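Let the hints inform the model, and build the full structure from the sequences given.
Number of protein chains: 2
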Amino acid sequence: MNDMSKLSPDQMVSTARFETTRWVDDLNAALAAKDALAASSLFATTSFWRDLIAFTWNLKTVENPEGIADMLTATLPHLDAVHFTIAQEPTEADGIITAWLSLETGHGRGEAVVRLREGKAWTFLTTLVELKGHEEHSGPTRIMGAEHGVVRGRKSWPERKADEAATLGITEQPYVLIIGGGQGGIALGARMRQLGVSHIVIDSHDRPGDQWRGRYKSLCLHDPVWYDHLPYLDFPKNWPVFAPKDKIGDWLEMYTKVMEVNYWSKTLACKAAFDEEAGHWSVTVIRDGKEITLHPTQLVLATGMSGKPNIPRIPGAETFLGEQHHSSKHPGPDAYAGKKVVVIGANNSAHDICAALWEAGADVTMVQRSSTHILRSDTMTEEVLGDLYSERALANGVTTRMADLTFASIPYKVMPEFHIPLYERIQRKDAAFYDALRKAGFMLDFGADGSGLFLKYLRRGSGYYIDVGASDLVIDGSIKLKSGVEIDCITQTGVRFADGSELPADLIVYATGYGSMNGWAADLISQDVADKVGKVWGLGSDTPKDPGPWEGEERNMWKPTQQQNLWFHGGNLHQSRHYSLYLALQLKARMEGIPTPVYGLQQVHHLS
Amino acid sequence: MNDMSKLSPDQMVSTARFETTRWVDDLNAALAAKDALAASSLFATTSFWRDLIAFTWNLKTVENPEGIADMLTATLPHLDAVHFTIAQEPTEADGIITAWLSLETGHGRGEAVVRLREGKAWTFLTTLVELKGHEEHSGPTRIMGAEHGVVRGRKSWPERKADEAATLGITEQPYVLIIGGGQGGIALGARMRQLGVSHIVIDSHDRPGDQWRGRYKSLCLHDPVWYDHLPYLDFPKNWPVFAPKDKIGDWLEMYTKVMEVNYWSKTLACKAAFDEEAGHWSVTVIRDGKEITLHPTQLVLATGMSGKPNIPRIPGAETFLGEQHHSSKHPGPDAYAGKKVVVIGANNSAHDICAALWEAGADVTMVQRSSTHILRSDTMTEEVLGDLYSERALANGVTTRMADLTFASIPYKVMPEFHIPLYERIQRKDAAFYDALRKAGFMLDFGADGSGLFLKYLRRGSGYYIDVGASDLVIDGSIKLKSGVEIDCITQTGVRFADGSELPADLIVYATGYGSMNGWAADLISQDVADKVGKVWGLGSDTPKDPGPWEGEERNMWKPTQQQNLWFHGGNLHQSRHYSLYLALQLKARMEGIPTPVYGLQQVHHLS
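Protein sequence lines, in the order shown, are assigned to chains A and B.
Heads up: the first sequence begins at 3 in the working numbering, then just goes up one per residue.
Heads up: the second sequence begins at 3 in the working numbering, then just goes up one per residue.
If you are wondering where the hints come from, they were derived from the structure by calculation, not from laboratory data.
Careful, some of the hints might be misleading.
Pairs count within a copy or across copies, as identical chains cannot be separated in the list.
Taking lysine-lysine and the DSS-like style, the derived pairs with C-alpha atoms no more than 30 Å apart in a straight line are [what the hints assert, rightly or not]:
id: 1; residue 1: K259; residue 2: K163
id: 2; residue 1: K268; residue 2: K163
id: 3; residue 1: K134; residue 2: K342
id: 4; residue 1: K292; residue 2: K163
id: 5; residue 1: K331; residue 2: K259
A quick note: this is a predicted structure, and the numbers were derived from the prediction, not measured.
See the structure below:
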C-alpha cells in the first residue's frame, strides 16, 4: 500500500480492489458452475451470509462454509445467471476489506456488501431490489401522467381513482390485504401501489396518522429524522430532528394520500380464515359500520410489532376504586393535575408518561420491577446513529439506502461485537449521568451482554428508555421511584408492596408492554394458526424475553411463515422503510407467478 | 489551454479561473472602495447586472456601465462588506467564461453568476438568499422538535398550533396577509413559516388544491415535474412527469399542512384599505360566513398572474339562448356529449377544452381570432427545458436551485438571443407537424421576434398552446377550426362571422384569457390604487399585449410597487418556487426593521 500510494489514482489498483476482484471472480465462477462447495470455500471458518430474498426467497442468515454450502445446494438449482460486480471502490480498515457489489440474477437485480478478511468472506449481505420486467417507475422511468394524444372515452385520473374506490373490495378483490395502517402498513401500501399490486390497507382509526395522534401529548419521536424516512419521499430539510407525534400523524396522512395508498379508515377486522382449496383468505371487516367480506390472496398483519397490550394480573386490581389503564390507552396528563398517579413500569412509555404527568402537576411515582437500559437521546443520535443517519453521514456521502444496507450487512450474531465496545465508551462518556441514576435507586442495565439499545430492541422490543429528559426528574426526585420491591397487591386505594409499604393512587397506569404479534393472529384467525406460526419478533438470543435457540433473523417478520399466505410487517420507521421493500417484492413475485422457492422456512420453538 | 491540459488537475489553473479571479478581485476592490465607476468599468459596453434584492432591495436589471454606475452610486452607501468569492470551478465555452460566485454583504449571503467576455462582464446576476441572524433552520441547523428536558407548563406542538389558530387574525394580527391560496400563496406561506413571519393565507375555496381540482377534467400540468417543485419539498421520484390536476391538488393540500401554512379556506376578501398613519392595512374578509377585519402590515395579492377573467364584449351575447361561460368556469365536457360547442380562443385552455369536449363526443369548433404559438410538449421538455430541468440535468449535477439561477442569470433583454436559434431548430425538427397545422388553416406564430414560448409567457402570459394532443385533432378536423374571420355577433342560436357564415351552438366557451392582476387591486382596494401601481406582468418588450417602454423586469411582480406595503406574487410553479424566496426575504427584512432602501422603484407607464 505504501509504495502504491505514490502512484496517481488512475494507475493505482488498491490491494482492496485487487482482493475484492479476485474474490468476486471466484464467487461468480463457482456460482456459474453451480458448485456450492467451491462457493462456500470462499468463506471464512466463522462467516455469515445474510440473504434478503435474493437467493433464498426468505430473510435468512446462514453461518460458516457448511451452512453456506447447504443454502447454495438448495438454491442454486433454481437460480440462473447469478453475477456480482464491484459497484464502488472497495475500502480497507483494520484488516477488513469492505466492498459494495451489484447483483444480477435471472429474475432480478440487487445489491450486496461483503467484508473480506485474509482473502475470505467474513460477512456477506445479498439483497434483491427489483424484479426484471417489474421494475418500479421512478426517476428516468417515471410515468408520464398526462397521456399525450387524445383518446375518446379515456378516463381521467380522478375517474380512475373513483372507479378503483368503487370496485376494490366490492366487485374486485385486492391481491393483498394489510391489516393495520400505521407507518408499517402505509409504507407497504405505498410500495404495493408503486409495484402495481392491488391492495387495501385497513385501520380502525378515523384518519391515517391517528395511531400517533392518539398517544400521550408530549410524545415526540425518540429516533432522529435521518433514521425515519418513509419509502420514496424523504422528510424535508426543514423537518425537526425529533418530530412531535401530531406532526408525524399529519405526515403519514398526507403520505397515504399522495402515494395513493388504498386506505380504508374506520374499518375493523373481525375474522379471517384461509381457504386452502381456493388459495385465498376470507376476511370479515366492518367498514364504517357495514360488514364486508374480503377475499385477498395474501394477508399481512401490520398491527404493530408491539402486539397486544400486556397487563399483568395483580391481585386486587379489580377492587381498585380509582382509574386504571394500560399505557396505550393513557389520554395524557391534563386531567391528573394534583392527582396521585402510580405508573407501573420503567421503560420508554413509563418515563414519557411520568414526565408529562409531572409537568402537568401530578404527584407521580414510577414502579420499577426490573432493571432498565437507559440511553441519552443525544448520545444515541451522536454515538450510535451518527455514522449512518445524520447530517454528518449525508455530508460524507452516506445516503439513507447505503446506511440501511450497511446496518443490514452486520449479521445479528456479530452485532454485539460491534456494540459492546460502543456501549463501554458510552458508559464512560455519560458516567456522571448513570451514577446519579444509580444513586437515585434506579436499576440500570446495558443488556444481558452489555450490547445496549439496538440489541435489546431486536431481541425483545422492550427494556429501555431513550432519555429525553425524564431521567433527570428521576434523579432529582421529581418523579418518585419505587424500585426493587415486588408488588404485593392492589387495594381499593392504591398499590401495596412486599415490604408492607403502600402507595395511594387516583390513577394506576400499566406501562407494562405488549405481547407477541401472533396474539393478533389468535384473535383474528385462530389460536391454532397463532400457534402454528409461533412467536413473532426476537432473535433467539437466549437473553431475557428472547429464548433460544438462535434464529439468525427476527422471528416471522417480513418473510414467509408456517401459515401459507400470512405475513407480519412492522417495526420502527427505519424497519418499516427498509424491510417493506423485501416484503413487497415477495408479494409482487407471488402475484406475478414468479417461482419463489423458500429456503429454510423457520421452525417454531415458542408459541408466544 | 492546450499546454495546461497536460498538467495534472491540481497543478492547472485554468484560463477561466485565472480570468474570473482577476475580475472578482477587481470587483471586490472597487466595491470595498465604494467606487461605483471603477466597478462599472469591469462591465462590457453592452452588459447587464440583474439584481434580486442583494444590492437594490428590488428585482432590477440595469444595463451597461452607465446604468451599473448609477445603481452602485445609489446603493453602495448603504452596503457594507460586500465580498464575492468563486464558488465553483469556472467554465469556458464559445469565448464566454461562466462563473458561480458566493456573495456576502453586511446583512446577508447570496449567490451570483457572471458571464465574462474578453475580461469584462457581459451578464451578472446577484441574489440574496438569507439574512444574517435570520437564517432558515434547515439540514444541519434544523430545529430539534422535541425539546429535551422536561419543563412544567410547556405546551406541546398541537397545543401551540391550536393557540396560534385561536389567536391569529383575532387577537393577534398577522404581519403578512396573502390573498389567494394557490401554488403562489402556498409557497410564500411555507417560506413565511420557515422565516418566522406571522402570516395568514386566505382563499375562497373549500380546500387547498381546489384551485386545480375545479378546472376541466382532462387538465394535466403542461410543464414537466422537474420544473415544478415547491420550496423545501421536491416531488418524489415516482411522481409522474405531467401530473393530473387532482393529483397536484392533493399535493398542494398536503404541502400546506406539513409546511404548517396558516391557511384560511372558505374565506373571501371583500375590501382592503391602507392606513398610512397606522402603517397597516384594514382588510375585511368573510370567513366561513363570518365577517372579520384583519390588520396586516403587508398585503400580498397572490390571486393568479392571470388576473380576472377577460370576456370580450360581443354584440348579441346577451341574447344567446344557450349556455355561455368563461373557460375558468368551464365544468368539463361530461354534460356536452352530442352538443354543439363553440370555443372562442386558440390558446392553452381553448385547446384543452376542445380536446376534452371532442373526447366526450361533442361537436366542437375552435374560433381562432389571432395567431397562436404552438410548441409540442415533448419538444419543450427535451429541447427547451432539458438542459436545466430533467433527469438528464440531474444526472449532470444540475440541481433545481442551479437551474433556477441559470435561468435567472439570462437577462430578459438577452433572452431572445438565446431562444431565437432554439426555436429555429425546433421549427426544422417539427416541420411536418407545423406544416400540417398550417394546412388545416391554423394561424401559427413563434412570437413577434421568433423567440418562442417563454418570451411570450414572460411578455404577455398568453398566446400559446403547449401541445399535448389537441393539435392532431385540429389537423385531422376532429376539432373544427374557424380561423381568420372576425366574429360579427352572437345570435340567439350561435355565432355569426363577418363572412356571413354562422355556427350554431348549444354552448359558447370564452377561452379569451385574463386581465392584468391589478384588476384584483381595483376590486379589492380601489381603482386609484390599481392605477397607482399600474399594469402587472410583462417586460415592456413593445410586442403585442406588452407595450413599451422597456422595463427590464416583470412589472410589479415579487417586488415593491408604487403602493406602500402592497405586493403581487404568482406565476407558474417554477416562478412560485423561485421568486417566493426574494419576496419572502423582502417581507422578513421589513418585519425585522432591517433597512431596505429600494433602488429604481418602477415607474408606471400603463394602467392595465
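Against the structure, the hints come out as follows:
Both within a single protomer and between protomers do K259 and K163 lie at most 30 Å apart by alpha-carbon distance, with minima of 12 Å and 22 Å respectively. In the homo-oligomer, the alpha carbons of K268 and K163 lie at most 30 Å apart both inside one protomer (20 Å) and across protomers (26 Å), since each shortest distance falls under that limit. Taking the closest pair of Cα atoms, K134 and K342 never come within 30 Å of each other, the shortest separation being 62 Å inside a single copy and 49 Å across copies. Taking the shortest Cα distances, K292 and K163 sit within 30 Å of each other inside one copy (22 Å), while across copies they are farther apart (35 Å).
Proximity of K331 to K259 under the C-alpha cut-off of 30 Å is found in both arrangements, the shortest distances being 27 Å within a copy and 27 Å between copies.
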